[in-house]
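Taken in sequence, the protein lines are chains H, W, A and P.
Residue numbers are given in this note's numbering: position 99 of the first sequence equals residue 99, and the series is strictly consecutive.
Residue numbers are given in this note's numbering: position 150 of the second sequence equals residue 150, and the series is strictly consecutive.
Residue numbers are given in this note's numbering: position 78 of the third sequence equals residue 78, and the series is strictly consecutive.
Residue numbers are given in this note's numbering: position 159 of the fourth sequence equals residue 159, and the series is strictly consecutive.
Hints in this document: simulated from the structure, not taken from any laboratory.
The beta carbon of each residue, even a glycine, is placed where N, CA and C say it ideally should be.
With the Cβ distance kept under 8 Å, some of the chain P side facing chain W (calculated, not the full set): (1) Glu-52; (2) Gly-54; (3) Ala-91.
Label pairs and their in silico Cβ distance ranges: (4) P:Ser-187 / H:Arg-186: 19 to 25 Å; (5) W:Ala-205 / H:Glu-99: 33 to 39 Å; (6) H:Gly-69 / A:Pro-63: 38 to 44 Å; (7) H:Val-219 / W:Glu-200: 29 to 35 Å; (8) W:Glu-135 / P:Ser-218: 42 to 48 Å; (9) W:Pro-220 / P:Arg-143: 43 to 49 Å; (10) H:Ser-222 / A:Asn-39: 31 to 37 Å.
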Amino acid sequence: MINKVVTSVAEALGDIQDGATVLIGGFGTAGIPNELIDGLIAQGARDLTVVNNNAGNGDQGLAALLKAGRVRKIICSFPRQADSYVFDELYRSGKLELELVPQGNLAERIRAAGAGIGAFYCATAYGTELAGDREVREIDGRHYVLEYPIKGDVALIKAESGDRWGNLTYRKAARNFGPIMATAARTTIASVYDVRELGEIDPEAVVTPGIFVQRVVPVPRSVTRAGGFKS
Amino acid sequence: MINKVVTSVAEALGDIQDGATVLIGGFGTAGIPNELIDGLIAQGARDLTVVNNNAGNGDQGLAALLKAGRVRKIICSFPRQADSYVFDELYRSGKLELELVPQGNLAERIRAAGAGIGAFYCATAYGTELAGDREVREIDGRHYVLEYPIKGDVALIKAESGDRWGNLTYRKAARNFGPIMATAARTTIASVYDVRELGEIDPEAVVTPGIFVQRVVPVPRSVTRAGGFKS
Amino acid sequence: MSSGYERRTKQQLAQRVAEDIFDGAYVNLGIGMPTMVANYLRADMDVLLHSENGLLGMGSAPPEGEEDYDLINAGKQPVTLLPGGAYFHHADSFTMMRGGHLDICVLGAFQVSATGDIANWSTGEEGAIPAVGGAMDLAQGARETWVMMNLLTRQGESKLVERCAYPLTGLGCVKRIYTDLATLECSAEGLRLVDMVPGLDRETLETLVGLPIAAARSSVQA
Amino acid sequence: MSSGYERRTKQQLAQRVAEDIFDGAYVNLGIGMPTMVANYLRADMDVLLHSENGLLGMGSAPPEGEEDYDLINAGKQPVTLLPGGAYFHHADSFTMMRGGHLDICVLGAFQVSATGDIANWSTGEEGAIPAVGGAMDLAQGARETWVMMNLLTRQGESKLVERCAYPLTGLGCVKRIYTDLATLECSAEGLRLVDMVPGLDRETLETLVGLPIAAARSSVQA
Chain H
1 MINKVVTSVA EALGDIQDGA TVLIGGFGTA GIPNELIDGL IAQGARDLTV VNNNAGNGDQ
61 GLAALLKAGR VRKIICSFPR QADSYVFDEL YRSGKLELEL VPQGNLAERI RAAGAGIGAF
121 YCATAYGTEL AGDREVREID GRHYVLEYPI KGDVALIKAE SGDRWGNLTY RKAARNFGPI
181 MATAARTTIA SVYDVRELGE IDPEAVVTPG IFVQRVVPVP RSVTRAGGFK S
Chain W
1 MINKVVTSVA EALGDIQDGA TVLIGGFGTA GIPNELIDGL IAQGARDLTV VNNNAGNGDQ
61 GLAALLKAGR VRKIICSFPR QADSYVFDEL YRSGKLELEL VPQGNLAERI RAAGAGIGAF
121 YCATAYGTEL AGDREVREID GRHYVLEYPI KGDVALIKAE SGDRWGNLTY RKAARNFGPI
181 MATAARTTIA SVYDVRELGE IDPEAVVTPG IFVQRVVPVP RSVTRAGGFK S
Chain A
1 MSSGYERRTK QQLAQRVAED IFDGAYVNLG IGMPTMVANY LRADMDVLLH SENGLLGMGS
61 APPEGEEDYD LINAGKQPVT LLPGGAYFHH ADSFTMMRGG HLDICVLGAF QVSATGDIAN
121 WSTGEEGAIP AVGGAMDLAQ GARETWVMMN LLTRQGESKL VERCAYPLTG LGCVKRIYTD
181 LATLECSAEG LRLVDMVPGL DRETLETLVG LPIAAARSSV QA
Chain P
1 MSSGYERRTK QQLAQRVAED IFDGAYVNLG IGMPTMVANY LRADMDVLLH SENGLLGMGS
61 APPEGEEDYD LINAGKQPVT LLPGGAYFHH ADSFTMMRGG HLDICVLGAF QVSATGDIAN
121 WSTGEEGAIP AVGGAMDLAQ GARETWVMMN LLTRQGESKL VERCAYPLTG LGCVKRIYTD
181 LATLECSAEG LRLVDMVPGL DRETLETLVG LPIAAARSSV QA
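Chain H on its own, in the form it takes in the complex:
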């Protein structure tokens, strides 16, 4: 019998290793797996590479993980926020490596890891400093930059509902990186508010089929709150 539902966050995260690459879902306030990030802080793994769209804000969640000195490198598209002071200080003092990636490249590189693509050419960032020294190729009169997959050892994502086979649905814009990160990690751990019986999730409306999910952790429902995001 497949039962991917685990009863506690601690159990779900127990085997995360030092040095792991951890994909963490969320964009702005939506889709941040807060309970799993707090669990990762408690779990203690160090020297992590974190992949997230942002780099934390305020003192909570990802910012707290950074503050605890547990992250070696962050791969993200938009670290700067009105209250990203934890990241800002670590970055400025050279204690945290940053790989800044255009958001579409971030998404496509994560998807490529999940889909078995070895590398791909895309137009984004061509001619800019974010193309760095990457290989460039002209195809049909347009210039492209070669990009490589971003694989995770672990993905921590927030879903709305899940079942014991790992099928997931999301809520509104909290979907964001969840479905692609689920495909790209060896171990995908999803928090859910509702554990459903098999078959209760409409097979036409499953967003992440269970094959991409290793553990489902029910967490008490909480309302998504405003963050410190200002542009």
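Knowing the structure of chain H, use the given hints to seat chains W, A and P on it.
Leaving out everything else, chains W, A and P in the frame of chain H:
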């Protein structure tokens, strides 16, 4: 106001040009846009390149389009069927060019066209004759073959429900190539059984967002019938 | 610096951009000033707004007290979804942006070159925290990239330049520039006037910009 | 050719493959003989069957008269979907296959080499209609690729060979070969026995195959 619903198949297909590349959805019996294929036969465009998983069976649909001598080239993964005699004869007599593509490469090349990817490396077909003289590259100890996108001038797909903004849902395994072909063509034309009011399709369960669809054609509901497929 | 002409206000500029957006267009409005364009879209038109974080058919801000922080835009502000809208994940969202499916994106900019290069993500300042988000994807991916900005910096320097001094966002991808003083097209051949505020003439505009500006294609009054 | 041993029937062979499929496995059963493996999966286990045309959690064939031709497998035969199953499009389906998400795929084959090359899509015959489908994606993409076939052709030639004569499907990707006479592992070092039908011995098997076969890792009785 956006109203992509057109009242007749003839109106939907009117501007398909000679020499066009036409992506046609369907796998086996499921998801074949029969009404649109019949409409294409009536419409008269010639010298077509057709992209489909199969190459027609029996005397109907795609087989009839081939038989009418309107197709120059077919790009597909599995032309051989128990009753693919129309294709077989044209192919053997050299009247129809075939580009045989592994099914996953077919899907990924179509998706790449929709996603603005210039080219990508994948492991499928490495070391086989279907890799042809394609560029090969070793990445992280694994061998990959360089593949290019397959773009369509037109995509003909079968959906279940649609609305005037072009949002689509599908039915069961009739989904297959529809959602990716919709992204890869300049003009995507979808047949639907139900035209829904805006908002009647759950925004969490939209499979193809309307941005990928140019025309929606209601057709009378008919039950999908057994085909001549035997393996 | 104003003599016989007045600058468009932010609201007028947003309205000017909105005028050029056609019925049925799929549009992404960048963070900041471009967001204001949404307020001036004609109610009798269907303009579908895309947000990079997985929304199509984005509506206006919710009434106070009804914010849902699972339903936000790229600027992380609460929004709503229109009937007929859809949610999708990031790879699908960027497929829309990078695959040429958006008709128009409207971006702010630090500088734009006469040939359509755009710099809008970094001032290149030492020690500044960089952030790029989806700007490069939009600049390269939309069918038409429009820029919306004041023509001059507070110091009076033209943000329309021969060659961008700031780090680039994209090369040769800007089609139109909407500014507080004039609307211009850029292309490989350089700048062309579309319209100006009343009282401004092309020669004065050329002086302000410091670059040649071809006359508008047909007589256009501002 | 049979002396003191009997070949596994197709049913026995399917049952033998099914024995090695673990609870919770994600499995793709290729067209033809591999499809039969589904009949022998233990009812107290959850084995999730994937079909390349966009199904996960595929169930058995529907009762006669209840066929739904929108719900078919890769072999185009009507099937059902279990509660907990899901539908998805082709790019997502092949993400499962090519991204290393399937635990096991079971394929038929014309020939397999000792080092795990497989030929199963074309006999290379002049004038034959070629067709490849998802075979190459499965062979390369699944975590373990298993082959299920009779060991000998009708003419008595071994289908296990030093080097495939037929056009290849994939290089060095087969892990296990289940045949009517024996089960073997292949690797860069060559073949190793897993088990045999009763009455057959390794020397006889080596003679039939014409290749060295290492002894099983621990004593295995068939």
